[in-house]
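Chains as they are written, first to last, in this note's numbering: chain L, 1 to 63; chain Z, 1001 to 1384.
Each statement offered as a hint is correct.
Keeping only pairs whose Cα atoms sit at most 25 Å apart, straight-line, the calculated SDA-like set for lysine to any residue is:
(1) Lys53/L with Arg1054/Z
(2) Lys53/L with Glu1066/Z
(3) Lys53/L with Ala1087/Z
(4) Lys53/L with Ser1059/Z
Hints were generated in silico from the structure; no laboratory data involved. All of these numbers come straight from a predicted model, not from anything done at the bench.
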Amino acid sequence: MRLALLSLLTLSTMSHMPILAASALRVNEPFPDLTLPSLDGGKPLSISDFRGKKVVLHVFASW
Amino acid sequence: MVGIIQEQHPSRARLFMQWKQMDWPVLVDALDLLEVAVVPITLLIDEHGVIRRRVSPRSDVAEVMESFLSGTYEAPPAVVRPERVGAGVVEAPGDGATAESWRRHAESLLLWGGPARLDAAIDAFHRAVEADPEDAWAEFRLGVAYRLRYDSPGGSASNFASAVEHWARSRTLDPNNYIWRRRLQQFGPRLDKPYPFYDWVAQAREEVRARGEEPSRLPVEPRGAELTLPASEFENAAAGTGPDPEGKIHRDGGQFVQVTSTVVPHTGQAAGTARVHLEFRPNPANDAHWNNEVDGLVVWIDPPQGWAVDRRKMSLTNPPSEASEESRHVEFEIRRTAESTKSAEAGVSGYALYYVCEGARGSCLYRRQDVSVSLPPAGPAAAR
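Generate coordinates for the entire structure from the input sequences, incorporating the hints supplied.
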């Protein structure tokens, strides 16, 4: 968990982004059930695949 | 820990994750199906799939995490939400279908149909836009489809120009989307962006190799605007003399090399600044190929009065092979200078010099091709 937290802090400080709301993502509402390709080329994934576990989700970019 | 990455080139994200030694599962959202207008966003999602908190950059992250992980959350009332896009191609809708139906079909083709279905995805996105010309998301994703087509086998420079056209259209419909603006800025004037996009790639490869690992491969290398730093000086027409000032080199009107231009304007208020992309491709109809045993491609630009460019002369280095047929790319930036107040459409001209051969045993020639590119008029400043 410590490594994950440090990773999160690194990504956030690298991004230089304005703080704006994402209208489709609201607190106390279900996360959209959306299946997307996996970066490692494996099975497509959805956040619902992690049901039963708490998830720290980071929406980011590599640019 | 799970990631969703806004990236059209997943290979670049893989290199980034390898460099940072991050091994969490990551989903690739090349089309921004999540419809976020900005990144990064960090969400804490409980075991029932409910978003419990958005982590602010100003938060004490460790404290917020500990609170979330130790907290207990009740399951919400059972609500069945239809999945927007599943894993698999959605059947094409019939004639008269809504823009939403065409868009879902197009998105599924692009995500799950593979390179062979890209053209079909592009057609379907066009049907969505025809059904609703104000559908900004369809315009943005049509641009993504064109860019992917450009990067795929058989892709052409016109695909890149189409990508830029549709991204620009999406921004016209909704100028507030940061992701869409960044997509244009990625290929636009370097003065338009607060920092380079992929300047980390070289450092990433170096550090990965230092660890004894092989860097993850990039099938599409970042280039030009994606890498370079802002230019500090611009040259006008008075600076320097070109390599063929009297126009004595024989002209090629496209018989041997075809030239395509794409202009990416500034997305902000500095209207009159643009980045011009030129692509030179040996004409396959005449079995033309580059002659790499002599000097490489040279491009010379003559900015019109009232304009200046970041460099007037660009020279490319040949690959090590004796001959090759790849497309060659040159980019330059042009901006309106203080002396010019005209808002009419302007054009920038120049020429390219190159050595090219025709066929396996054909003639090898030195040719000049004149280039002329239309620039967008100044007009009202675009919204940020």
